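Taken in order, these protein sequences are the chains called U and R.
5 is the number of the first residue of the first sequence in the working numbering; add one for each residue after it.
10 is the number of the first residue of the second sequence in the working numbering; add one for each residue after it.
Hints listed in this document are in silico derivations from the structure and should not be mistaken for laboratory results.
Computed from a prediction, not measured in an experiment: that's the story for all the values here.
C-beta atoms are modelled at their ideal positions from N, C-alpha and C, and glycine is treated no differently.
It is possible that part of the hints are untrue.
[Claimed, not checked] A short, non-exhaustive set of chain U residues, derived as facing chain R with CB atoms under 7 Å: (1) T111; (2) I113; (3) N121; (4) G128; (5) H283; (6) I294.
[What the hints assert, rightly or not] Chain R residues, not near chain U, derived (Cβ > 12 Å throughout): (7) S240; (8) Q326; (9) V350.
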Amino acid sequence: MDILLQQILNGLVLGSVYALVALGYTMVYGILGLINFAHGEVVMIGAMIALAVMTLLTGTMVGVPPVVIVSLAIAAAIAVCMALAYAIERVAYRPLRNAPRLAPLITAIGMSILLQNVAMVIWGRQYKTFPQLFSTQPHTIAGATITDLQIVIIVVSAALMVGLLALVNFTRLGRAMRATSENKTIAGLMGVNVDKIISATFVIGAALGAVAGVLVAANYSIAHYSMGFMLGLKAFTAAVLGGIGNLGGAVLGGLLLGLIESIGAGYIGDVTGGFLGSHYQDVFAFLVLILVLVFRPTGIMGERVAERA
Amino acid sequence: MIKAFQSRLRQLKKDRRAVWVGYALIGVALAVLPFAVDGGFGRTWVRIVDFALIYAMLALGLNIVVGFAGLLDLGYIAFYAVGAYTWALLASPQFGLHLPFWAILPIGAGVAAFFGVLLGAPTLRLRGDYLAIVTLGFGEIIRIFLNNLDHPINITNGPIGINKIDPISIAGVDLTRTHEFLGLEFAGTHLYYYVLLGLVMLSMFICVRLEDSRVGRAWIAIREDEVAAQSMGINTRNVKLLAFAMGATFGGVAGGLFASFQGFVSPESFILLESIMVLCMVVLGGMGHVAGVVVGALLLAVLPEILRSTASPIQEQLFGKVLVDPESLRMLLFGLALILVMLIRPTGLWPSPIRKREFASEAT
Numbered sequence: 005m006d007i008l009l010q011q012i013l014n015g016l017v018l019g020s021v022y023a024l025v026a027l028g029y030t031m032v033y034g035i036l037g038l039i040n041f042a043h044g045e046v047v048m049i050g051a052m053i054a055l056a057v058m059t060l061l062t063g064t065m066v067g068v069p070p071v072v073i074v075s076l077a078i079a080a081a082i083a084v085c086m087a088l089a090y091a092i093e094r095v096a097y098r099p100l101r102n103a104p105r106l107a108p109l110i111t112a113i114g115m116s117i118l119l120q121n122v123a124m125v126i127w128g129r130q131y132k133t134f135p136q137l138f139s140t141q142p143h144t145i146a147g148a149t150i151t152d153l154q155i156v157i158i159v160v161s162a163a164l165m166v167g168l169l170a171l172v173n174f175t176r177l178g179r180a181m182r183a184t185s186e187n188k189t190i191a192g193l194m195g196v197n198v199d200k201i202i203s204a205t206f207v208i209g210a211a212l213g214a215v216a217g218v219l220v221a222a223n224y225s226i227a228h229y230s231m232g233f234m235l236g237l238k239a240f241t242a243a244v245l246g247g248i249g250n251l252g253g254a255v256l257g258g259l260l261l262g263l264i265e266s267i268g269a270g271y272i273g274d275v276t277g278g279f280l281g282s283h284y285q286d287v288f289a290f291l292v293l294i295l296v297l298v299f300r301p302t303g304i305m306g307e308r309v310a311e312r313a
Numbered sequence: 010m011i012k013a014f015q016s017r018l019r020q021l022k023k024d025r026r027a028v029w030v031g032y033a034l035i036g037v038a039l040a041v042l043p044f045a046v047d048g049g050f051g052r053t054w055v056r057i058v059d060f061a062l063i064y065a066m067l068a069l070g071l072n073i074v075v076g077f078a079g080l081l082d083l084g085y086i087a088f089y090a091v092g093a094y095t096w097a098l099l100a101s102p103q104f105g106l107h108l109p110f111w112a113i114l115p116i117g118a119g120v121a122a123f124f125g126v127l128l129g130a131p132t133l134r135l136r137g138d139y140l141a142i143v144t145l146g147f148g149e150i151i152r153i154f155l156n157n158l159d160h161p162i163n164i165t166n167g168p169i170g171i172n173k174i175d176p177i178s179i180a181g182v183d184l185t186r187t188h189e190f191l192g193l194e195f196a197g198t199h200l201y202y203y204v205l206l207g208l209v210m211l212s213m214f215i216c217v218r219l220e221d222s223r224v225g226r227a228w229i230a231i232r233e234d235e236v237a238a239q240s241m242g243i244n245t246r247n248v249k250l251l252a253f254a255m256g257a258t259f260g261g262v263a264g265g266l267f268a269s270f271q272g273f274v275s276p277e278s279f280i281l282l283e284s285i286m287v288l289c290m291v292v293l294g295g296m297g298h299v300a301g302v303v304v305g306a307l308l309l310a311v312l313p314e315i316l317r318s319t320a321s322p323i324q325e326q327l328f329g330k331v332l333v334d335p336e337s338l339r340m341l342l343f344g345l346a347l348i349l350v351m352l353i354r355p356t357g358l359w360p361s362p363i364r365k366r367e368f369a370s371e372a373t
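Working from the sequences, and respecting the hints, build out all of it.
So, in structure tokens, the structure goes:
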């Protein structure tokens, strides 16, 4: 029983990170109908920048409390990722907005490869240790353990998601974003600056991604130039699972996917009599994706028709 | 100057005899190519050309799915993997099986086609991006299974891969040994070159004929407008499945050749990046255009190798040390090329005439 509880806790931690990244995918898809393959790489760069800033500051600013350093690092990561996402949209996607759908998808893949390799040239091939941000002293709840860091991950993710939902539902910018995703032309006629709104969408998604990158790197204590790709794919799966284009759906999908993965990996060995082991963890995400798309292409909360040409 | 050359070329095209002479010249050039490459650059480059031909076959297969039928497949390398592993399991000490070439070729093609239908069937209702993501997932699932099927029953030998795969031997001629015909010495890589060249030409022929066939026209109709195609009486389900199966067959055969040529397969050869690489060959060459796709494949297979052999010396001369290792440089340029081609020349380097017209009309 406590194993199950433990897996659920791990799944929630994993799921909140997926949800944060999935929000970036779903917002962009909702407005442009584009899978922003480079989003996973933005997440990775967020983690790398935070790591670089932390290493720099701990070397130069001795005596400054670690909380300040961590906040500075996260702020820097957010700033860099926002600028990067703005640039990506401007350079690679905007010129292709009216091109056939395959074109921006391929530039997105190209952008992802490019960013990954730029990161590799800058930060090297080896895995980098991400510093421990919080005490690793575990708390025990009903037989399952949870660390401070994991609590922080869940709390921060939840706060950001609530913030985003508030932004989209209750502000002028949010209303403009929703209008743009309904119909770009009409929104433009109603006085919405569509280009600006699309940029804003990318930038907000990147900010969430940067935070997610820092959280996931801190969780595994590792940062690597290729960490973004798989994370991105899974987050996209989460977005599809919840219903792409739907913010609440992305959150739900992320949490569900985290739970499915962690419970699946925990029990697959017992269920199959040791035939399949926990290294099939990555299969679950894709299996879920295929099943969802086959049986309910609109996702759990999606109202959009999947076959938008 | 260029204009004069073009008009001269057009004149020549009308002249029947000149066309035949042109074909003959190309034929001779292709026939002596391995010897010229061997003499000029060394045996490794013949190997690289051989691999380029395998890629050309892959690109032709993917072109059926993406170029003709318009179904974006990001997991195409899975079929290549299936073909390669089928070959590896049936002709290596792994299970002690050593079936002959002519037996494995249809089996490999059949197994790959089966997997093609397996992927195609559940994704029939999906379009565009969704299809891309599902196929991507499918490719990853195949790779993960290949990587982990070494226990409890050892089938694929896991990450280590399968070694000592039998070479192709046709009519008693073992393609890895050096043979003598007509006083000329043919090394193994040369023999493979001719076999692969023959298969690529056969594939091109099949593709060109397919494009003009009833099925080919149905594929193109689906690509352009699925609903309209359906209302014209095209059975979209069967035609799409056929596209997947056909593309997969090409991939499977190419995979088998790859396995026997290299003598070794491991899951590492079938990563997502390879799928993207093949897709790039198709896109860069000109989606839906058979000749363009082959050119794209040859370019993308050979250029990086040239880069690999020249990038380090040039950097050392310029900066005194190697700043960016050739492998990352290759990928950097690769990503950049994808973006630039899409921005500047979205139809590819050598687009099919129909597609070129479409893009021109869309722009106005």
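message: Less than 7 Å between beta-carbons is the criterion; does H283(U) satisfy it with respect to chain R?
response: H283(U) check passes; min Cβ-Cβ to chain R is 6 Å, inside 7 Å.
field: Given as non-interface: Q326(R), partner chain U, CB spacing beyond 12 Å
entry: With a cut-off of 12 Å, Q326(R) remains clear of chain U, as the shortest Cβ separation is near 20 Å.
message: For the restraint on I113(U), tell me whether the closest CB of chain R is nearer than 7 Å.
response: Since chain R brings a Cβ to about 6 Å from I113(U), closer than 7 Å, the hint holds.
field: Verdict on S240(R) as a residue remote from chain U, using beta-carbon distances over 12 Å
entry: Nearest chain U Cβ is 15 Å from S240(R), so the label holds.
task: So, I294(U) near chain R? Judge it on the closest CB pair being under 7 Å.
output: 5 Å, holds
task: Confirm or reject the statement that V350(R) sits farther than 12 Å, beta carbon to beta carbon, from all of chain U.
output: About 8 Å separates V350(R) from the closest Cβ of chain U, which leaves it inside 12 Å; violated.
query: Does T111(U) meet its interface restraint, that is, does its C-beta lie within less than 7 Å of any C-beta in chain R?
result: 5 Å, holds
field: Minimum beta-carbon distance criterion (7 Å), N121(U) to chain R
entry: Given a least distance of 4 Å, the restraint on N121(U) holds.
- request: With chain R as the partner, please determine if G128(U) meets the hint condition of a C-beta pair closer than 7 Å.
  value: 10 Å, violated
Comparing the model with each numbered hint stated earlier shows that hints 4, 9 do not hold.
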